[in-house]
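Using the sequences and the accompanying hints, generate a full structural model.
What follows is each chain in one-letter form.
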Amino acid sequence: MAARNAEVNAAGGLLVEVVTEGLSGLPTRANLDAWVMAHNLSLTTLKDVTGRRAFMVLGRREISYVVDLRTMRIVRKVLGDTSGATSTATLNATVDQMLTLLRM
Amino acid sequence: MTIFDHSPRARWLLTLSAFGVACGQPTPPSEDAAASSDATTDRVVMSDASAQPDAAAMDVAALPDSAPDATSVPDATSVPDATSVPDAAQDASVGAYPAGPYGSNEGQTLEDLQIEGYLNASGAALSTRSPFGPVSMQSLRQTGRRFALVHTSATY
Chain A
5 MAARNAEVNA AGGLLVEVVT EGLSGLPTRA NLDAWVMAHN LSLTTLKDVT
55 GRRAFMVLGR REISYVVDLR TMRIVRKVLG DTSGATSTAT LNATVDQMLT
105 LLRM
Chain B
49 MTIFDHSPRA RWLLTLSAFG VACGQPTPPS EDAAASSDAT TDRVVMSDAS
99 AQPDAAAMDV AALPDSAPDA TSVPDATSVP DATSVPDAAQ DASVGAYPAG
149 PYGSNEGQTL EDLQIEGYLN ASGAALSTRS PFGPVSMQSL RQTGRRFALV
199 HTSATY
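Sequence order for the protein chains is A and B. For the first sequence, the residue numbers in the working numbering are 5 to 108. For the second sequence, the residue numbers in the working numbering are 49 to 204.
Check before you lean on any hint, since a few could be wrong.
[Stated by the list, open to error] Here's a subset of chain A near chain B, in silico, CB distances under 8 Å, partners left out:
| no. | residue |
| --- | --- |
| 1 | Ala10 |
| 2 | Gly16 |
| 3 | Leu19 |
| 4 | Gly29 |
| 5 | Leu30 |
| 6 | Leu50 |
| 7 | Thr54 |
| 8 | Leu62 |
| 9 | Tyr69 |
| 10 | Val71 |
| 11 | Leu106 |
[As the list claims (entries may be wrong)] Pairwise CB distance ranges (calculated):
| no. | chain 1 | residue 1 | chain 2 | residue 2 | range |
| --- | --- | --- | --- | --- | --- |
| 12 | B | Ser141 | A | Ala97 | 25 to 35 Å |
| 13 | A | Ala38 | B | Gly143 | 31 to 41 Å |
| 14 | B | Ser170 | A | Arg74 | 33 to 43 Å |
| 15 | B | Asn153 | A | Ala34 | 27 to 37 Å |
Hints are computed from structural coordinates only; laboratory data are not their basis. Because the structure is a prediction, the values reported are computed rather than measured. Where a beta carbon is used, it is the ideal one built from N, C-alpha and C, also for glycine.
In structure tokens form, the structure reads like this:
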């Protein structure tokens, strides 16, 4: 995801990583910081809060939503890998779809 | 008629002219100016020490009288949080958050989630160098970007 950030920014998009689960359920700030450091993330990186609303609404990994920020309408929802593997194939395909929308 | 004319109409016009000079404008205040004056009055009331202050009122009260726009003046007492976008001007014109009903499937409107973390729109630096704080979906709208890819992940 980080590798596509500059490309998305240049096209007028925004990449947002939301950590919805931690080791013991609710992710902590330490979990988030570790996530940023481990993946060298220089993009908007968020985590769920008490009440776990983000988890309830967005779901567990790995799901990508392309959202029109003017209307907040979800224009694409793509289910990625849920097995625990770290393939970025689905994510990259979704980034490509968003770039297509941005260039229309 | 001369300025020495002492008729009631001349005295009224002279008074009106003097009022205009005193106010720094040649004509009586327009309706817009009157509205602006009302807004000033509101701010004064909000900053009244006897009133129940809120954060917004305190920010406005802390501004110098000459500040034309409260949003353009940084509040030295405020603690920066992630809702500020330091590397891109916030777009206040996005308006209110879209109304529901909300959902999480294609074609539905995503609700204004209130979560937290690092809002790093520019991607110029590692995210942990950005302020940590509350971030909402409205915050994302205010970056001025057209589309966002929101990706869920987990740290196991």
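**Asked** Looking back at the numbered hints, which does the structure fail to meet, lowest number first?
**Response** When the structure is compared with the hints, numbers 4, 5, 7 and 14 turn out to be violated.
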